[in-house]
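Participant: Taking the numbering used here, I'd label the letters of the sequence shown as residues 3 to 120.
Please keep in mind that the hints were generated in silico from the structure rather than gathered at the bench.
You can trust all of the hints, since none of them are fake.
Derived DSSO-like pairs: lysine-lysine, alpha-carbon spacing no greater than 30 Å straight-line:
hint, residue 1, residue 2
1, Lys46, Lys33
2, Lys46, Lys8
3, Lys8, Lys37
4, Lys33, Lys8
Keep in mind it's a predicted model, so treat the numbers as computed, not measured.
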Amino acid sequence: MVNIPKLSELYNSILADLQAELGVTIPLWTKSFIKILAMVQATKMHLAYLALGDVQRNIFPDTADPEAMGGTLERFGRVKIGRMPLTATQGKYIVQVTGDPGATIPVSSTMVTDDDSS
Numbered sequence: 003m004v005n006i007p008k009l010s011e012l013y014n015s016i017l018a019d020l021q022a023e024l025g026v027t028i029p030l031w032t033k034s035f036i037k038i039l040a041m042v043q044a045t046k047m048h049l050a051y052l053a054l055g056d057v058q059r060n061i062f063p064d065t066a067d068p069e070a071m072g073g074t075l076e077r078f079g080r081v082k083i084g085r086m087p088l089t090a091t092q093g094k095y096i097v098q099v100t101g102d103p104g105a106t107i108p109v110s111s112t113m114v115t116d117d118d119s120s
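Using the sequences provided together with the hints, build the complete structure.
Facilitator: Right, here's the structure in full:
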């Protein structure tokens, strides 16, 4: 993901562009229309970067904001793509473990596989 420039960086860049285009130099201690225009444009550009970053994060169901935070694409991924979370199932499994001979594994133990799923 691309880093979003800071507001001050955008402001300085836009102010320098405006000064170069108009052929003027504005002293640092003065307030002027060009400085105000540069700040407004920098703020609008910063908001555009933030909005595009939000779209970039939420374009795929795997990286979308969770439903608890207001995201809807995660729910779409579960319902339409069939990525419902797996529930624990009972059954007979062949599990190979290492340990001391005669040691017991507690009954309510949870098996976790190598791919970080439980």
